[in-house]
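Student: Between the sequences and the hints, there should be enough to build the whole structure, so can you do that?
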Amino acid sequence: MRRVSKAATFRFRSHQLFLSDALMEENVALEEVDGVLFVLFYDLLVARLDERDHNILG
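So the sequence shown is numbered by our numbering: it starts at 1 and just counts up by one.
Hints may contain errors.
Claimed, not checked - Below, simulated SDA-like cross-link-like pairs (lysine to any residue); rule was C-alpha separation at most 20 Å, straight line:
| id | residue 1 | residue 2 |
| --- | --- | --- |
| 1 | 6 | 17 |
| 2 | 6 | 27 |
| 3 | 6 | 23 |
| 4 | 6 | 22 |
| 5 | 6 | 20 |
| 6 | 6 | 24 |
| 7 | 6 | 53 |
| 8 | 6 | 41 |
| 9 | 6 | 26 |
| 10 | 6 | 18 |
| 11 | 6 | 42 |
| 12 | 6 | 56 |
| 13 | 6 | 30 |
| 14 | 6 | 25 |
| 15 | 6 | 21 |
| 16 | 6 | 28 |
| 17 | 6 | 47 |
| 18 | 6 | 16 |
| 19 | 6 | 46 |
| 20 | 6 | 29 |
In case anyone wonders, no lab produced these hints; they're calculated from the structure.
All values reported here derive from a predicted model rather than from experimental measurement.
Tutor: Right, dumping it as structure tokens:
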């Protein structure tokens, strides 16, 4: 679980990553599968994060 900040970012492995203004101050879950991190809001997939380059795909 990660908390999205007022700046719409969350921290992952010492990187501050922008997610979405709509998710400010909400909790999101992170689930890893084969080097790709899935960012979930409840059971809705909101983004994928490639762990190699920290690139977020919406």
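Student: Next step is simple, just say for each hint if it's right about the structure.
Tutor: Consistency of the hints with the structure:
1. 6 x 17: Between residue 6 and residue 17 the Cα gap is close to 13 Å, so the pair holds against 20 Å.
2. 6 x 27: Holds: residue 6 and residue 27 sit about 12 Å apart, inside 20 Å.
3. 6 x 23: holds, 9 Å
4. 6 x 22: Judged against 20 Å, a Cα distance of about 10 Å means the pair holds.
5. 6 x 20: Between residue 6 and residue 20 the Cα gap is close to 10 Å, so the pair holds against 20 Å.
6. 6 x 24: With a Cα-Cα distance of about 5 Å, the restraint between residue 6 and residue 24 holds, given a limit of 20 Å.
7. 6 x 53: With Cα atoms ~24 Å apart, residue 6 and residue 53 exceed 20 Å; violated.
8. 6 x 41: holds, 16 Å
9. 6 x 26: Since the Cα atoms of residue 6 and residue 26 sit roughly 9 Å apart, the hinted pair holds (cutoff 20 Å).
10. 6 x 18: holds, 11 Å
11. 6 x 42: Holds, at roughly 19 Å.
12. 6 x 56: Cα-Cα ~19 Å, so holds.
13. 6 x 30: With Cα atoms ~19 Å apart, residue 6 and residue 30 stay inside 20 Å; holds.
14. 6 x 25: Holds: residue 6 and residue 25 sit about 6 Å apart, inside 20 Å.
15. 6 x 21: holds, 8 Å
16. 6 x 28: holds, 14 Å
17. 6 x 47: The given pair, whose Cα atoms are some 18 Å apart, holds under the 20 Å limit.
18. 6 x 16: Holds, at about 13 Å.
19. 6 x 46: Holds: residue 6 and residue 46 sit about 18 Å apart, inside 20 Å.
20. 6 x 29: Status holds; Cα separation ~17 Å.
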